[in-house]
Structure formats: C-alpha cells, structure tokens
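Novice: Sequence:
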Amino acid sequence: MRLPPFSSSFSGAALAALLGGAVILVVFGVQIVPPSHTGWMLSGQVGPDPVQYWLGWTYFRLAPWSLPPGLNPLFGMEISSSIFYADSIPLLAFAFKALRSVVEVDQYWGMWIVACGALQGMLAWLLIGRVTQDPLARLAGAMLFVLQPMLLNRMGGHFALSAQWLVLWGLLLALSPAGRLRWLAWAALVLAASLIHSYILPMVLALWAADWWSRRHVAEAVFVPAAGLAGLWAAGFFVLGAGHGNAQYGTMQLDLLAPFDPAFWGSLLPDLPDPEHPESGSSYLGLGALLLLPFLLFVPPRRRLVPLMVVLAAMLLFAVSHHVTIGGTTVATLPLPERLVTLLGMLRCSERYFWPLAYALILAGMAGLLRVAGPRWGGLALLALLLVQAVDLRPGYARVAHYFPPTADQLPLRLADPFWGEAAQRYRAIRLVPAGNQGRGWEEVAVFAARHGMATDAIYLARADAGAIERLRAEIAGRLARGDHEPGVLYVLRDAATAELARAGMQDGRDRMLRADGLDVLAPDWAVTSTVALTNWTSIASGEVPRPDVPVRVPPDPEKPDAHPQPPRL
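In the numbering used here, the protein residues as written are 1 to 570.
A portion of the hints provided could be inaccurate.
[What the hints assert, rightly or not] If you anchor each label on the Cβ, the simulated ranges turn out as follows:
#1 Leu-229 to Gly-509: 54 to 60 angstroms
#2 Gln-425 to Pro-337: 54 to 60 angstroms
#3 Ser-214 to Arg-473: 50 to 56 angstroms
#4 Val-26 to Leu-317: 35 to 41 angstroms
#5 Ala-496 to Ala-466: 22 to 28 angstroms
#6 Gly-467 to Pro-301: 47 to 53 angstroms
#7 Pro-64 to Ala-384: 54 to 60 angstroms
#8 Gln-410 to Ala-384: 43 to 49 angstroms
Calculated directly from the structure, the hints in this document are not laboratory data. Note that CB positions come from ideal geometry on N, CA and C, so glycine has one too.
Given these sequences and hints, build the entire structure.
Specialist: Right, dumping it as structure tokens:
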C-alpha cells in the first residue's frame with residue numbers, strides 16, 4: 001500500500017503529536033510542566049519514586065563528567081552507583097547536564113510525560129498508516145493508543161516507562177518495508193531504549209530480532225545489540241556488580257483476565273478478581289480498544305509476519321510467567337530452576353511484557369475494522385470507539401487527579417528544626433546509620449542534603465549492592481563505637497542499638513547528641529566546629545569524580561595534617 005505524500009503525512013503526524021500531548025496535559029495538569037516546579041514531585045503524593053528521580057538528577061547535574069558518563073558518586077557515597085539506578089532517564093540527564101551552563105532545569109519529568117504523550121500519538125499515526133491512509137481513522141486510532149491505561153498508569157509514577165512510544169517505533173519498523181538503512185534505524189531505537197529504561201530494552205530487542213530474521217545480516221546482528229550495550233555502559237549499568245537478580249519473577253505476572261479487568265480504570269465493565277499485586281489493573285485495554293478485538297477475525301494471516309507473531313507470543317508467555325492465574329486464582333505453577341527464576345527476576349514485573357502484543361492487537365483490530373467497514377465508515381467507527389474509551393476511563397482520570405493535585409511550585413523542607421540549618425553550615429555530608437536502601441528517614445534526610453549541597457548515603461536506588469551496604473554498616477558502627485568520627489560528617493541514628501554505640505564513643509564537651517524532627521542525631525565536634533573551619537573545601541563541580549566504590553574525600557585541612565580527609569560539598 002502506497003503511503004500518503006510527505007506533506008500530508010507530516011502534518012497529520014504533527015497534529016497527532018499535538019493532540020497526544022494535549023490529552024496528557026488535560027489528564028495530569030499543566031502544573032507538572034515548568035522545570036522550576038518541583039513541589040508535585042517532592043510532596044510524596046505520588047509516592048517515593050519521583051523523589052528518587054529528583055535526587056538522582058540533582059546530584060548528577062552538579063558533578064563533573066566522568067567515565068562512564070553516568071557515574072553519580074555523591075548520591076550514596078560508598079554505596080553510590082549511577083544515574084541509571086536512580087531511574088532518572090539517562091538520555092535526558094545527559095542532555096540537560098550538557099546544557100547546564102545555558103539553562104537551569106530542576107526537573108524535566110513533567111516535560112517528559114507530555115512529550116511521551118506526543119510521541120505516542122505521532123508514532124501511532126505513522127503505525128496506523130501501515131493499514132490506512134484515511135486521516136480521520138489514523139487520528140482517532142492514534143488517540144486510542146494515547147488513551148491506554150497501560151500508558152497512563154506508568155505516567156502516574158514510573159515516568160521512564162512512559163516511553164511506550166519506543167514499542168510503537170519498533171512495531172513500525174517491523175511492519176515497514178526493509179530499506180538499506182533499516183539497521184541504522186534499529187540501532188538508534190535500541191540505543192534510545194538503553195538510555196531510557198532497561199525494562200523496555202528487551203521488548204525492543206525482541207521486535208528487532210523478529211525483523212532481522214528476514215535478513216539475517218551478520219554485521220547487523222553485532223552492531224544493533226552493541227548500540228544497546230554502549231548505551232547501558234554510558235548510563236552506568238555495569239558499575240553495579242551485584243544486586244540485580246531476585247526471586248520476584250512470577251509474583252507480578254499477567255493474569256489471563258487482566259486485559260478485560262477494568263479495576264480502578266474502567267466504569268462500563270464489571271470489576272474482575274485479580275492477583276492483587278502492585279501491577280494489577282494496569283493492563284486493561286479500555287472498552288473502546290476491547291471492541292476492536294472481534295475484528296481480528298477479518299485480518300488475513302501474512303507469512304512474512306510469522307517471526308513477529310512468534311516474538312510477541314514469547315513475550316506474552318514471559319508476561320504470564322510460570323505462575324499462571326485466571327481471575328487471581330492460580331491454575332498452574334510450572335517448575336523452574338531457582339537460578340532461572342532469579343535471572344528472570346532482574347526484569348521484576350513480567351506483566352509489562354504484554355505491552356507489545358497489546359499494541360499489536362489494537363492495530364490489527366483497526367485493520368480488521370477498516371477491512372470490513374472501509375476507510376470512511378471505519379474512521380467514523382474509530383472515532384466512536386475513541387469516545388467510548390474516553391468515557392470508560394473516567395475513574396482512571398479521577399485517580400490520576402488524586403495523585404497529581406495542584407501543589408505549590410516549591411515545598412519547604414520537612415526537616416524544619418533550626419538545628420538543621422546550622423548543621424548544614426558545619427557539615428559537608430550526612431549519613432544514615434545503619435545504612436540501607438530506603439528505610440526510616442531516608443527521604444527527608446536525602447532531600448535536605450541535596451538542597452544544601454551535602455553528600456549523603458541516604459538513598460533510594462532501583463538496585464543496590466547488599467554486600468557493599470553491609471560493609472559500610474560494619475565500618476560506620478566500628479567508627480561510632482571507637483569515637484573515630486569522620487570530620488565534616490553528621491550522623492542520623494536510625495535505631496536504639498546504633499544510638500547506644502554512638503553514645504559510647506562520644507567525647508563529652510565536644511560531641512553533641514540530640515533529637516530533631518523525630519530523628520536522633522550525632523553531631524561530632526559540635527563544640528569546636530564552625531563555618532570558618534569548613535571553608536577550605538573543594539566543589540565536586542571542579543574536581544575529579546571518584547569511583548563509586550571509593551568514599552568521596554578531599555585533602556585535609558593543611559593546618560591539621562593528621563586530620564581525616566573530609567567529603568566535599570556539591
């Protein structure tokens with residue numbers, strides 16, 4: 001089928017992008033867009049994830065460039081890793097860090113969410129162009145791709161996974177006639193996916209493998225995966241040597257009724273029982289999209305699409321997992337080796353691997369409808385289905401509005417005791433003891449540290465090295481017990497046992513222990529520390545970035561050659 005002229009195709013794609021972005025603005029509100037507005041991310045209304053993203057970016061943007069570029073050593077200190085594990089979308093983090101001397105961006109996730117809606121609409125327009133040239137059908141169909149709970153649900157917290165337009169891009173390439181530069185387009189897509197989120201990368205690689213099978217070019221088989229590996233290296237994926245796998249595979253799987261279960265999204269179909277895991281309800285297709293499924297019967301099979309159907313079926317099986325459920329009831333549990341379960345657990349929630357098949361089914365349903373009704377009536381039918389979809393998802397919009405209420409542009413720090421302001425002038429780093437990934441007090445302490453340019457091991461990372469955390473715990477516990485405090489470091493004590501250790505190592509008249517905003521704090525050398533004594537520090541923006549496995553230190557005060565080196569401010 002011949003594609004429309006470039007001019008009409010371009011204008012149609014632009015309009016689809018504009019409408020896609022507008023839909024997201026209507027659903028989520030314009031208050032999330034301005035780069036200076038961080039209140040909606042730090043309020044806690046959406047949960048801890050947006051705080052994690054903001055912290056990762058805040059520390060990363062002020063650090064000097066390093067190799068790999070994604071290293072983020074001040075967010076976590078000895079247990080730090082990279083911007084990749086803060087889920088801060090390395091692609092955008094690199095871009096805005098490169099522009100930091102030109103423009104100051106406190107947060108880019110609002111712009112990102114809207115851009116994902118626009119790209120979803122544009123690529124859906126192009127994808128539907130493989131089955132029809134009718135403008136109304138393409139535009140209404142594109143908005144059906146935007147009004148998808150699979151997409152909107154991810155925009156409600158896990159912002160990087162809003163990039164489902166990457167899946168549409170992969171389907172578009174797989175369904176388009178091959179050209180001489182097809183390998184380059186796939187390499188660009190795989191590179192982009194590796195710099196956005198590793199959960200989407202396997203989906204894209206699977207779609208590429210289906211398309212590659214018809215050509216089986218050896219050079220392409222090397223170059224395209226290499227592009228993904230290069231992106232992962234740049235983002236800092238490989239700096240973490242442990243902590244990737246877990247036994248969660250099969251615990252957040254796709255229930256066989258999930259595409260038909262409206263859960264908290266739909267209003268026109270009855271709610272169905274589900275497995276009640278955190279992803280339950282996020283695979284509902286919406287009534288408008290579900291009404292397209294009967295038209296799959298009118299789509300003739302094509303032999304050249306067999307590899308694509310095979311990989312889509314494989315991803316469906318992975319999504320369902322070895323723990324098969326229907327309506328929340330387990331109907332089968334297939335035995336898998338423990339090592340394999342741990343390996344597959346690297347991708348955590350397998351339900352997400354339903355996305356490529358879901359989008360392919362929606363497209364195929366549109367093709368079947370247009371085959372039966374023709375372009376003109378088919379376009380009107382798709383417009384009607386879009387209206388059904390919009391009405392059906394009303395509870396979902398209300399849920400989003402609850403999590404994204406109007407919020408002040410900037411929020412005050414939760415640590416409001418006057419002690420903290422003075423401590424920020426006296427100390428260059430703040431530790432949580434015992435260290436850990438999240439845990440009591442991590443959020444308020446980390447935000448306080450970031451706002452005051454202090455290094456911290458108060459972290460929330462997507463993956464963390466448990467061994468490194470245990471070693472740090474042992475080291476700091478020993479230091480506290482001996483009174484061997486690190487100069488320039490403030491300690492927040494998270495349990496009674498740690499407080500007893502700290503009290504045993506205190507030096508009377510020199511160290512101070514107090515309680516501020518519900519947190520127990522050890523302030524070493526409080527009686528002798530002053531802002532004057534702490535003026536001899538080096539900014540990380542002007543120094544060399546240390547390796548993530550080495551504590552961040554700068555040379556000691558030259559007047560005290562026997563003093564311990566101190567961590568720098570940002």
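Novice: Hints first: check each against the structure and report whether it holds.
Specialist: Evaluated hints:
1. Leu-229 to Gly-509: 54 to 60 angstroms: Holds - the Cβ-Cβ distance for Leu-229 and Gly-509, about 57 angstroms, lies within 54 to 60 angstroms.
2. Gln-425 to Pro-337: 54 to 60 angstroms: holds, 56 angstroms
3. Ser-214 to Arg-473: 50 to 56 angstroms: holds, 54 angstroms
4. Val-26 to Leu-317: 35 to 41 angstroms: holds, 37 angstroms
5. Ala-496 to Ala-466: 22 to 28 angstroms: holds, 23 angstroms
6. Gly-467 to Pro-301: 47 to 53 angstroms: holds, 52 angstroms
7. Pro-64 to Ala-384: 54 to 60 angstroms: holds, 56 angstroms
8. Gln-410 to Ala-384: 43 to 49 angstroms: Between Gln-410 and Ala-384, where Cβ atoms are some 44 angstroms apart, the hint holds.
Violated hints for the displayed structure: none, as all numbered hints are satisfied.
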